[in-house]
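*Asks:* Starting from the known structure of chain U, arrange chain F on it as the hints suggest.
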Amino acid sequence: MPLFGKGKALPAHDSSAAGGPADFLTTRLDTMVAWARSNSLWPLPFATACCGIEFMSVVSSHYDLSRFGAEVVRFSPRQADLLIVAGTVVDKLGPTLRKIYDQMPEPKWVISMGVCASSGGFYRAYHVTQGIDEIVPVDVYVPGCPPTPEQLMYGILELQRKIRAGEKSRDRRSAASGEGSRFVWSPGERTAPPGKPS
Amino acid sequence: MVAGRENGAARKTLLSTVEAPPRALSPAAERLRARFDGSPLGDRVEVRDLDLPTVEVAPDDWPAVARFLRDDPECRYDLFIDLAGVDNAKRPGRPTRFEAVFHLHSVTRDEHVRAKVLLPDGAEPRLPSVVEVWPAANWFEREAYDLFGFDFPGHPNQRRLLCHDAFVGHALRKDYSPGQRWFFAEEDLRMPAWAMDTEEKAGHFETQTISIGPSHPATHGIVHLVARLNGERITRAETQIGYMHRCFEKMSETHTWNQVIPYCDRLNYVSAMINGVGYVRTVEKMLGVEIPDRGRLARTILSEFSRIMDHCVNIGTNLVDIGGLTNFWYLYQPRESIYGLLEACCGARLTVSYVRVGGLAIDVPEDFVARSRALLESIPKFVDDVERLVTRNRIVRNRLGGTGVVSKEQAIAWGFTGPMLRASGVAYDVRRSRPYDFYDRFDWDVPIATDGDNFARYLVRIEEIRQSLKIIRQALDGLPEGPVIGKVPRLLRPAAGETYHAIESPKGEIGFFIVSDGSARPYRLKIRAPSRWTATPASSATLRIARKSSTSITVPPACPLVFSRQTRSTISTSYGSSGSRAART
Numbered sequence: 001m002p003l004f005g006k007g008k009a010l011p012a013h014d015s016s017a018a019g020g021p022a023d024f025l026t027t028r029l030d031t032m033v034a035w036a037r038s039n040s041l042w043p044l045p046f047a048t049a050c051c052g053i054e055f056m057s058v059v060s061s062h063y064d065l066s067r068f069g070a071e072v073v074r075f076s077p078r079q080a081d082l083l084i085v086a087g088t089v090v091d092k093l094g095p096t097l098r099k100i101y102d103q104m105p106e107p108k109w110v111i112s113m114g115v116c117a118s119s120g121g122f123y124r125a126y127h128v129t130q131g132i133d134e135i136v137p138v139d140v141y142v143p144g145c146p147p148t149p150e151q152l153m154y155g156i157l158e159l160q161r162k163i164r165a166g167e168k169s170r171d172r173r174s175a176a177s178g179e180g181s182r183f184v185w186s187p188g189e190r191t192a193p194p195g196k197p198s
Numbered sequence: 001m002v003a004g005r006e007n008g009a010a011r012k013t014l015l016s017t018v019e020a021p022p023r024a025l026s027p028a029a030e031r032l033r034a035r036f037d038g039s040p041l042g043d044r045v046e047v048r049d050l051d052l053p054t055v056e057v058a059p060d061d062w063p064a065v066a067r068f069l070r071d072d073p074e075c076r077y078d079l080f081i082d083l084a085g086v087d088n089a090k091r092p093g094r095p096t097r098f099e100a101v102f103h104l105h106s107v108t109r110d111e112h113v114r115a116k117v118l119l120p121d122g123a124e125p126r127l128p129s130v131v132e133v134w135p136a137a138n139w140f141e142r143e144a145y146d147l148f149g150f151d152f153p154g155h156p157n158q159r160r161l162l163c164h165d166a167f168v169g170h171a172l173r174k175d176y177s178p179g180q181r182w183f184f185a186e187e188d189l190r191m192p193a194w195a196m197d198t199e200e201k202a203g204h205f206e207t208q209t210i211s212i213g214p215s216h217p218a219t220h221g222i223v224h225l226v227a228r229l230n231g232e233r234i235t236r237a238e239t240q241i242g243y244m245h246r247c248f249e250k251m252s253e254t255h256t257w258n259q260v261i262p263y264c265d266r267l268n269y270v271s272a273m274i275n276g277v278g279y280v281r282t283v284e285k286m287l288g289v290e291i292p293d294r295g296r297l298a299r300t301i302l303s304e305f306s307r308i309m310d311h312c313v314n315i316g317t318n319l320v321d322i323g324g325l326t327n328f329w330y331l332y333q334p335r336e337s338i339y340g341l342l343e344a345c346c347g348a349r350l351t352v353s354y355v356r357v358g359g360l361a362i363d364v365p366e367d368f369v370a371r372s373r374a375l376l377e378s379i380p381k382f383v384d385d386v387e388r389l390v391t392r393n394r395i396v397r398n399r400l401g402g403t404g405v406v407s408k409e410q411a412i413a414w415g416f417t418g419p420m421l422r423a424s425g426v427a428y429d430v431r432r433s434r435p436y437d438f439y440d441r442f443d444w445d446v447p448i449a450t451d452g453d454n455f456a457r458y459l460v461r462i463e464e465i466r467q468s469l470k471i472i473r474q475a476l477d478g479l480p481e482g483p484v485i486g487k488v489p490r491l492l493r494p495a496a497g498e499t500y501h502a503i504e505s506p507k508g509e510i511g512f513f514i515v516s517d518g519s520a521r522p523y524r525l526k527i528r529a530p531s532r533w534t535a536t537p538a539s540s541a542t543l544r545i546a547r548k549s550s551t552s553i554t555v556p557p558a559c560p561l562v563f564s565r566q567t568r569s570t571i572s573t574s575y576g577s578s579g580s581r582a583a584r585t
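In order, the protein sequences belong to chains U and F. Under the working numbering, the first sequence has 66 at position 66, and the numbering climbs by one with no breaks. Under the working numbering, the second sequence has 468 at position 468, and the numbering climbs by one with no breaks.
So that you can see chain U by itself, here it is in the shape it has in the complex:
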């Protein structure tokens, strides 16, 4: 029966009673680390389009993402552990996104903000990546075009829940096989032309 965990109140600290129950707690190190990590996410906004504007709303004073401990926006991938892909990713940008993801130190998580990043959205088109999970593994998909600030916050809370629970979709995807990342294709497997190019 852990003393520390979801729904458990920590024992009150009583300084007069030395050696009392408040001077220690028992938990697993993993749980403690995950709790700390989940409440100090440093996001890197890979803001490409409309969703980037809504992301700006989320971090600005009205919605104030710092209430959830995820407001330290870093533009260098080496200082961030949460990649928020906000907006459409086109094929030309794919290698850049992958490079940024690879530059982030472990542990790292990815939120796909909006339908374009999640599935290409209503751009079923010749230059638009049909979901960033072609390129990087995604932990939380946030729907919406663009999602409202509340939706993104809910997505971040969901991610925090996943981190505390120790889940990671990336483990399943990238560890088992190279599937999911189109960057493991060999050059011979490129899309064949649709007949003779005009």
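FYI, nobody ran anything at the bench for these hints, they're computed from the structure. Cβ coordinates follow ideal geometry from the N, Cα and C atoms, glycine included. Don't take every hint at face value.
[Unchecked claim] Which residues of chain F face chain U? A partial, calculated answer using Cβ under 10 angstroms:
1) Leu162
2) Asp165
3) Glu186
4) Ile222
5) Tyr243
6) His245
7) Asp265
8) Arg266
9) Thr317
10) Phe328
11) Tyr330
12) Gln333
13) Thr351
[Stated by the list, open to error] A few chain U residues facing chain F, derived, Cβ under 8 angstroms:
14) Ala49
15) Ser61
16) Ile100
17) Tyr126
18) His127
[As the list claims (entries may be wrong)] Simulated DEER-style distance windows between Cβ atoms:
19) U:Thr27 <-> F:Ala370: 52 to 60 angstroms
20) U:Pro143 <-> F:Arg94: 41 to 49 angstroms
21) U:Arg124 <-> F:Arg67: 42 to 50 angstroms
22) U:Glu106 <-> F:Ala520: 48 to 56 angstroms
23) U:Ser61 <-> F:Leu189: 36 to 44 angstroms
24) F:Ser177 <-> U:Leu29: 52 to 60 angstroms
25) F:Thr235 <-> U:Arg28: 53 to 61 angstroms
26) U:Arg28 <-> F:Asn230: 50 to 58 angstroms
27) U:Pro107 <-> F:Asn230: 36 to 44 angstroms
28) U:Glu167 <-> F:Arg490: 47 to 55 angstroms
29) F:Asp321 <-> U:Glu167: 34 to 42 angstroms
30) U:Arg67 <-> F:Pro365: 28 to 36 angstroms
*Replies:* Relative to chain U, chain F alone:
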């Protein structure tokens, strides 16, 4: 109503241009015809009268005609607006398969003209480059090469502009499948040749080539600037774009006229409303639809609020880049309250999809006027506070003043419009020169500044916020009761023909060139993006972005800001010297 009559006339014109029999020309086209007749080019061009005076020309004659259009004292079409390719493969009855359609504007005469180059069948589509005539044509021609495969002999840097370098085929041709993608990997990325060789010699010891972007804290939006630096100065640079090419034009060809509206919202998502207004106005012009006054004024009010939002973001992000984060957060508060108003109207904050052909989707809420008036009360305080913090701030003055200077001539040559052009001293505002909706009845000014630097652009934007507030106040006073959408058929089928219509977006002239073949979908839709072209100079010339010397700290003299009531009569006032607002004409 006046505009209604115009629309009717436009429709008649369009209907009659399908077969295009020779008819009496409009005065503007007649004048153009007369000019050409008096020149050696007279028998080589065809002047038609569509919704704009139109010159038709063969590719071989195009450079001479282009020079004539720019230099002739009665033409002077010096501002390059747009180049649209058209593929007529599925539009029978046209003389050739490919057409290159140019739109030009004359700053001195305040007029548009269209030039059509008909590319003969049987050979590769090819027409001479006119980059030497209009430097702004550079990226337009690369775009046409990319999406249509037009070849431009004489172009200094003809390679793909939007699609990635491993792309095969030309996406906007009618035989290209809309969903066909091509694999692109990092090794396919092509950098400019000059960026590959290092330039190390005495006196250049600090030279280095860096890539700014595509993901960079200072790129608001994704743009890739390859720059060679000598100390703080950029000695050579080339801008690469296309990192946000979402195939809007191809998508609009696969959707019905009304389904295109949500795509328009995502063109410039900082002020989504205005793009939609521009698109539906073009379709309304083709259909000859009458818009009720209430719908029209409500559109105007929300458009001007969107303009304020857009300027807030522009000013805020500019100040973030020079270290003033406070203003960015502060200016987000009026944005949030405007979002609240938009959400009350249509349910969405950012991408509103609120306009429809003929008016608005639903009526504005009951408390619309009260809420708007409350915003009118609250916004000036934010603008004043930001101005108090910024306008006389010597750090800002030093960072913005004298940097990124674009002269009037350069701004015209590079095809600038909007605040960028007005900050260089040209009073061109579509709302003033070709008034739409009720802009000719409102009392408002076109602010222009003459210094052409970053600080002048800041001043113009701040003043445009105040002018927008003024317009909104008058529009609210005149907002009548009644319907917000006119009588529009459920299935839209504009008559076959082509039309160009532009409105003033916060970033400049946003134009829609639409070709209809009479079906339920646009045959070809070309958007004239307002601000993409302002990045061209970094490609073609060395633009000083950093100040030459950061050691001398002197506050530059007060930047003159000029108001133009009529487009051509300007009165200069000194701005900001005493803290009082400038006197207006």
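*Asks:* Now tell me if each hint is right for this structure.
*Replies:* Hint check:
The restraint placing Leu162 (chain F) at the interface with chain U holds, with a minimum CB-CB distance near 7 angstroms, inside the 10 angstroms limit. Of the supplied interface hints, the one on Asp165 (chain F) holds, with its beta-carbon coming within about 8 angstroms of a beta-carbon of chain U, less than 10 angstroms. Interface restraint check: Glu186 (chain F) against chain U, minimum CB-CB distance 4 angstroms, threshold 10 angstroms, status holds. Among the interface hints, the one on Ile222 (chain F) holds; its C-beta lies about 5 angstroms from the nearest C-beta in chain U, closer than the 10 angstroms criterion.
Taking 10 angstroms as the C-beta cut-off, the interface hint given for Tyr243 (chain F) holds, the closest approach to chain U being about 5 angstroms. With a cut of 10 angstroms, the hint placing His245 (chain F) at the interface with chain U holds, because the nearest CB-to-CB distance is about 5 angstroms. For Asp265 (chain F), the shortest C-beta to C-beta distance to chain U is roughly 8 angstroms, which falls under 10 angstroms, so the interface hint holds. Evaluation of the Arg266 (chain F) hint against chain U yields a held restraint, the C-beta minimum of about 6 angstroms falling below 10 angstroms.
The beta carbon of Thr317 (chain F) comes within 9 angstroms of a beta carbon in chain U, closer than 10 angstroms, and the hint placing it at the interface holds. With its C-beta approaching chain U no nearer than about 8 angstroms, Phe328 (chain F) sits inside the 10 angstroms limit, and its interface hint holds. For Tyr330 (chain F), the interface hint holds, since its Cβ comes within 10 angstroms of a Cβ in chain U; the closest pair sits about 8 angstroms apart. Interface restraint check for Gln333 (chain F): the shortest CB-CB distance to chain U comes to about 7 angstroms, inside 10 angstroms, so the restraint holds.
Hint status for Thr351 (chain F) relative to chain U: holds, with the closest Cβ pair at about 6 angstroms, below 10 angstroms. The restraint placing Ala49 (chain U) at the interface with chain F holds, with a minimum CB-CB distance near 6 angstroms, inside the 8 angstroms limit. Proximity of Ser61 (chain U) to chain F holds as hinted, the smallest CB-CB distance being about 5 angstroms (cut-off 8 angstroms). Annotation: interface hint on Ile100 (chain U) holds; nearest CB of chain F at approximately 6 angstroms, less than 8 angstroms.
Restraint check, Tyr126 (chain U) versus chain F: the minimum CB separation of about 5 angstroms is within 8 angstroms; hint holds. At a threshold of 8 angstroms, the smallest CB-CB gap from His127 (chain U) to chain F is about 5 angstroms, leaving the interface hint in force. Between Thr27 (chain U) and Ala370 (chain F) the beta carbons are some 55 angstroms apart, a value that agrees with the proposed interval 52 to 60 angstroms. Take Pro143 (chain U) and Arg94 (chain F): their Cβ atoms lie about 43 angstroms apart, and the range 41 to 49 angstroms holds.
For Arg124 (chain U) and Arg67 (chain F), the hinted distance range of 42 to 50 angstroms is satisfied, since their beta carbons lie about 43 angstroms from each other. At roughly 52 angstroms, the beta-carbon separation of Glu106 (chain U) and Ala520 (chain F) lies within the given 48 to 56 angstroms, and the hint holds. Taken as a hint, the range 36 to 44 angstroms holds for the pair Ser61 (chain U) and Leu189 (chain F), whose Cβ atoms sit roughly 39 angstroms apart. In this structure the hint that Ser177 (chain F) and Leu29 (chain U) lie 52 to 60 angstroms apart at CB holds, the actual value being about 55 angstroms.
One distance hint, 53 to 61 angstroms for the beta-carbon pair Thr235 (chain F) and Arg28 (chain U), holds here, with the actual separation near 58 angstroms. Taken as a hint, the range 50 to 58 angstroms holds for the pair Arg28 (chain U) and Asn230 (chain F), whose Cβ atoms sit roughly 57 angstroms apart. Taken as a hint, the range 36 to 44 angstroms holds for the pair Pro107 (chain U) and Asn230 (chain F), whose Cβ atoms sit roughly 42 angstroms apart. Under the hint 47 to 55 angstroms, the C-beta atoms of Glu167 (chain U) and Arg490 (chain F), about 49 angstroms apart, fit the expected range.
The hinted window of 34 to 42 angstroms between Asp321 (chain F) and Glu167 (chain U) holds, with their beta carbons roughly 38 angstroms apart. Under the hint 28 to 36 angstroms, the C-beta atoms of Arg67 (chain U) and Pro365 (chain F), about 30 angstroms apart, fit the expected range.
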